[in-house]
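Residue numbers (my numbering), protein chains in the order written: chain R, 2 to 326; chain F, 428 to 772.
Just so you know, these hints were derived from the structure itself, not from any lab.
Built from N, CA and C at the ideal position, the CB exists for glycine as well.
Keep in mind that a hint or two might mislead.
Beta-carbon label-pair distances, calculated as ranges [unchecked claim]:
#, chain 1, residue 1, chain 2, residue 2, range
1, R, 146, F, 504, 32 to 38 Å
2, R, 112, F, 597, 37 to 43 Å
3, R, 28, F, 598, 56 to 62 Å
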Amino acid sequence: MVFLLRRLGFYVIAFWACITLNFFLPRLMPGDPVSRMFSQVQSQMRPDQVDALRRLFGLDDRPLWEQYLAYIGNIFRGDMGISLSRFPSPVSEVIGSQIGWTLLLGGTSLVIAVILGNFLGVLAAWRRGKFLDSVFPPLLIFVGSFPYFWLAMAALYLFGITLGWLPLSHAFSTGLSASFSFEYIGDVAAHLILPALTIVLVSIGGWMLGMRNTMIATTAEDYITMARAKGLRPARIMFQYAARNAMLPSVTSFGMSLGFVVGGALLTETVFAYPGIGYQLLTSVQALDYPLTQGIFLTITAAVLAANFLVDIIYVRLDPRVRVS
Amino acid sequence: METLTEQDRGNIGRTAAAPVLSVKNLQVQYTAEIGNVTAVDGVSFDIGAGEVFGLAGESGCGKSTIANAVMRLLQTPAKITGGSIELNGKNLLDLGEEELRRTRWRDVAMVFQSAMNSLNPVMTIGDQIVDVFTTHERMPKKAARERAAELLKLVDISPDRLKSYPHQLSGGMRQRAVIAIALALKPSLLIMDEPTTALDVVVQQDIMHQIKELQQRLGFSILFITHDISLMVELSHRMAVMYAGKLVEVAPSKDMLENPLHPYTNALMGAFPPLTGPRVELTGIPDAPPNMAHPPTGCRFHPRCPLAVDACRTVAPPLLPKAENHDAACLLLPEYVVPRERSRR
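Isolated chain R (complex conformation) (with noise of 0.2 Å):
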């Protein structure tokens, strides 16, 4: 409990040194949003509307540090200023419109390769040399050379074009709206069958290649040595003593990887149409929306610290000895 108290007040600090860069590195560079969105309009802005402008996006004449607790303070209410690129729509509305489809497909697809990895690791290593040894992660970790778009477009192309099953993009079909019919799930999974398929492809041979190699130097400690000589059934010395220990590297990188599920899947989501805060993001940069780009950098840096302290509470269970000092 000590121990997990102390890690939350680390991710606290974290979080408020977070909030202070994002403040303060776009004040350090030049210009503002007011005079692009001036500029933008081709200069037909009144001063007096200029003003009110800059007074909405806390640009206002107070000192630096009035700005800072004001932004501080927004920041806990949630407001997180106003989008540029989507004038008026406030930046907490654009990023929470796009969140739920990146959650759905960062994480159902980082989930099953997670699941399906470890165990093909798991098996690999506990059978070392034979077929699945030796099939497995060379036949993967090719798969995941592929570039990325490529192997996007050609299922796309196989699945969706050729065949016909699946669609072809976007989140759902157009004409459903939000429900909780069997129609409008159903349409959701099918639309998100490709997208995720293919992020699973790429990314399962790394999670299978690291599991393989912590398992097969789990397998050679003296425990293992000690649980086959007890006379344990293979898969109980498999699970509870090799895999179960060979599993906590592979738990902090998905919390790692699971933080970044919210920053999206940038060429994903423009191949398949998919909505997204990947897009979002491009889209905010290119378009120079400092408030949206700062918003979706700040949800992204919360949802790593946050899915950082999940795997210290997760590990607290899992590992015995962290539980201790």
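Please build the complex by placing chain F on the supplied structure of chain R, with the hints as guidance.
For chain F alone, coordinates are given in the frame of chain R:
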């Protein structure tokens, strides 16, 4: 008596009852790039019921390989290439995977060298005892927990410790917990491969006393492996000295200590300080143990032997009786002739 076969050589001084463990002509090879290494070469010995049999020798002489061979725990590149290992009359080398799994721990258990690492760090001590019962006896969890608590008491650990993880116990406690796990199914043979090397001397003494006491109380046999001769003499009834994959001398421990016959045993004894008695000059054994990929011809000890003669270079000495109840493999020792009026025990 005069017609003892080579395979009976390890039986010297043992009681007449059927042995618990009977190793005959065991040969173990490691496949290596430099060629096959025969780590154990034609080793035979018996261990009787309730007997503590010691196996001593330098690092790399094949002691642990024998232990792992008896447990059938050898993995590639090691392979048993000859001989037999009979446990209670059943040849372990004939068993299939599933039979072997059922035999392990029930009939023969093992205490490993490093107690620090032989417990699973993410499971409680209790769970690691319980899984022996649930696997081998299909015992319900609750009953298994009660048995586990009794076992811990047997080795002087409080049953509260069932919920502890290995890292929460001291080294000595961990080793005692491992001993408790080993005794869970009341095996007829317990193999102990340097069970106290990782512990300090005081804890070592404690644990050895405890093992001795448990052995006398429960009556199991022990195959005790160590390079610590004084510890071995203290604990074992009979002992064998091993050199470069072969047994060079087998005798009751007391005999071996007081009257070592083989030059290697002699040298080994000279390298250990006596715990009591007058101060003596320690002597080492010159040179290094042989390269097992190309073991010396003839007697394997001849390059380091102060007494070696020409014949030692070419003739491999068999293990033969050289005194009463005392076998050695050395050409220089005259063979023991059993007096007519006395028959061997």
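Going down the list of hints, with the structure as the test:
1. 146/R - 504/F: 32 to 38 Å: holds (33 Å)
2. 112/R - 597/F: 37 to 43 Å: holds (41 Å)
3. 28/R - 598/F: 56 to 62 Å: At roughly 58 Å between Cβ atoms, residue 598/F and residue 28/R fall inside 56 to 62 Å, so the hint holds.
The structure shown violates none of the earlier numbered hints.
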